[in-house]
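So in the UniProt record's numbering, spot 63 of the sequence shown is number 63, and the numbers just go up one at a time.
Among the clues, some could well be false.
As the list claims (entries may be wrong) - The calculated SDA-like cross-link candidates involving lysine to any residue, where the alpha carbons are at most 25 Å apart (straight line), are:
#1 K72 / L105
#2 K6 / P17
#3 K117 / N102
#4 K117 / G62
What the hints assert, rightly or not - Derived CB-CB ranges, DEER-like:
#5 G92 / R30: 42 to 50 Å
#6 K72 / F22: 20 to 28 Å
#7 C119 / S7: 51 to 59 Å
#8 V53 / E103: 28 to 36 Å
#9 R41 / D96: 27 to 35 Å
#10 A15 / D112: 28 to 36 Å
#11 S2 / E27: 29 to 37 Å
#12 N56 / N76: 20 to 28 Å
What the hints contain is simulated information worked out from the structure, not anything from laboratory work.
Remember, predicted model here, so these are calculated numbers, not experimental data.
Each residue gets a CB set at the ideal place from its N, CA and C atoms; glycine is no exception.
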Amino acid sequence: GSQAYKSLRDLCHPALPKDRPFEELCELLRKQFSPQVAIFRERTHFYNATQSVGENVTQWYGRLKKLSVDCKFGSNLEAILLDKFITGLRPGQVLDRLCEENETLRLEQALDIAINKECAVKESAYLAPPSAPLYAAGDLGLCGRCVCGGGGARRVPSENGSYCGDGQQAAAQARGKGRPRNRRRNRGGNADDHSEAGSRH
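Between the sequences and the hints, there should be enough to build the whole structure, so can you do that?
Okay, here's the thing in structure tokens:
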């Protein structure tokens, strides 16, 4: 527009814009209207980036590409992106898989391997059976051969047909039944002892 031409004319003074090469005019306008970029600040952001929790490998790759725009890596861009893409991954199976590759790995290959491995890991987690409930070591009746426990959990008989904890419960009941008889015997014994003591006197 007219404002851009006025700025260009001011930049070209004392010459006129029509007397300057087109490439030179473009460079003048780029310097005038493009904000100055702190290259090493941009590179600091790039090198400090890591894959976030919940961020898949495709999103991580896209964010890394965006961070590299103003870094001016030139012809080294692909090699630097490859290094940072791998080393910035979260620890896990995807990173372990890429670490199996050698130095001939290309950036596009690394992305494909990472995507495939990530999909395989998610599929394995989806198909894996739910883990069995764990019980504390001190739970009453835990024998390791049946699924049992308190709180209304299902009880399954062990190999000999008994239920986990039945032996302990039976023993407790036997002890409880035996206590009154012991007390009666003790009381009877004391009475006999007193009778014998009286006859001696």
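Structure-based check of each hint:
no.: 1; hint: K72 / L105; result: holds, 23 Å
no.: 2; hint: K6 / P17; result: holds, 10 Å
no.: 3; hint: K117 / N102; result: holds, 17 Å
no.: 4; hint: K117 / G62; result: holds, 18 Å
no.: 5; hint: G92 / R30: 42 to 50 Å; result: holds, 43 Å
no.: 6; hint: K72 / F22: 20 to 28 Å; result: holds, 24 Å
no.: 7; hint: C119 / S7: 51 to 59 Å; result: holds, 52 Å
no.: 8; hint: V53 / E103: 28 to 36 Å; result: holds, 30 Å
no.: 9; hint: R41 / D96: 27 to 35 Å; result: holds, 33 Å
no.: 10; hint: A15 / D112: 28 to 36 Å; result: violated, 54 Å
no.: 11; hint: S2 / E27: 29 to 37 Å; result: violated, 21 Å
no.: 12; hint: N56 / N76: 20 to 28 Å; result: holds, 26 Å
Checked against the numbered hints given earlier, the structure breaks hints 10 and 11 and satisfies all the rest.
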